[in-house]
Structure formats: C-alpha cells, structure tokens
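> Modelling step: build the complete structure from the supplied sequences, incorporating the hints.
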Amino acid sequence: MSEAKWYVVHTYSGYENKVKANIDKTIENRHLEDQILEVRVPMQDVVELKNGVQKAVSKKMFPGYVMIHMIMNDDTWYVVRNTRGVTGFVGPGSKPVPLTDEEMAPLGIQKEEIVVDFEEGDTVTVVAGAWEGTVGVIQAMNTQKQSLTINVELFGRETPVEISFKEVKKM
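First residue of the sequence shown: 183, per my numbering; consecutive thereafter.
Be aware that one or more of the hints could be misleading.
[As the list claims (entries may be wrong)] The calculated DSBU-like cross-link candidates involving lysine-lysine, where the alpha carbons are at most 30 Å apart (straight line), are:
1) K348 - K277
2) K277 - K327
3) K242 - K327
4) K242 - K207
5) K232 - K352
6) K202 - K241
7) K352 - K242
8) K207 - K232
9) K241 - K187
10) K348 - K232
11) K237 - K200
12) K202 - K237
13) K241 - K352
14) K202 - K187
15) K207 - K348
16) K200 - K351
17) K242 - K277
18) K348 - K187
[What the hints assert, rightly or not] So the derived label-pair ranges between C-beta atoms look like this:
19) Q236 - T331: 37 to 43 Å
20) E185 - S240: 26 to 32 Å
21) T341 - H213: 18 to 24 Å
22) V239 - K277: 47 to 53 Å
Since the hints were made in silico from the structure, they are not lab data.
Heads up, the beta-carbon is just placed ideally off N, CA and C, and yes, glycines get one too.
Below, the structure is given as structure tokens:
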C-alpha cells in the first residue's frame, strides 16, 4: 500500500466547509477512513480593526482550497473529484500533485510522530479537550491519524469518541 500524502483540491469560493463536510460524510459512509485520513480547511487567526475595536477572527488561509491527507488511488480520486463543490485537484491536467514537505512546513500541519505506551484494551484518562477528566478503555487505535477511540458514558449509554494521542495518558 502506498503512503498517504497531502493533496490540494480547488472548490467553489465559499464552499470550503461544505466540501469538507461532504467528504467527511462520504468517508464515513464508504468506510474509507484508512485511505482518506484527514480533510482540512486551513485557518489562521487575524486581528481585525472595525469601528476602533480590535477583534480576533479566524480566516481561511487559502479561500477556494481544501487540503486532503490521503492515499491516492482510483477510489479516493473518484470520491474526492465527484464531491459536490469540488472543481478539481491542483496539478497539471487531471493528475493530482502531492505537496512536498517543504511546502507543508510553513502551514504547521505536518504532524510529528508520537510514540505511545498504550494499546487496545488499556484504560486511559483524557487530559485535554472537551472530554478532559474522562476515563475510558481504548477500543481502537489509528496510528496514521494519531488518534484512538474510547468509549465514554454519555446520557447513560456507552458512546465511542475519537481522541488525539496527545490528549490522553495511561492510567
């Protein structure tokens, strides 16, 4: 199996978040989680001055573009290319060109590898994020996404939650 790389997709202006949501839904429906790892609309925080008041807002770094971390094959190409709002991959003709490490560095997206000392079946505590303080048993691990799935109790029933490796520690 080939390695996952970052690709850029051109979208209709203003449709970036809709395209991200549509691709995420398609990944879930077609069970492509192991081939399309992440879909991102790169954002940056900027300070705007309106009517003499400074306000911090998030703006799209590249309006009209969505970044996708995926393993390129006929299925993934077809899914992404035929998503509503996508006009095509960035690259010559219809051939997508992955971003190089040099192009990824200034974006701050390239993740460092995290070495973990836990495995499926271990009990962990969430130390950051919305589920901070929650204890759960690891149900599944995804090393490429650097995330794991734990079951947490929500409204009296067990619910699977995906959490980053950075947000948990072994008990």
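> To test your reading of the hints: which numbers does this structure violate?
Hints 1, 5, 7, 8, 10, 13, 16, 22 contradicted; others consistent.
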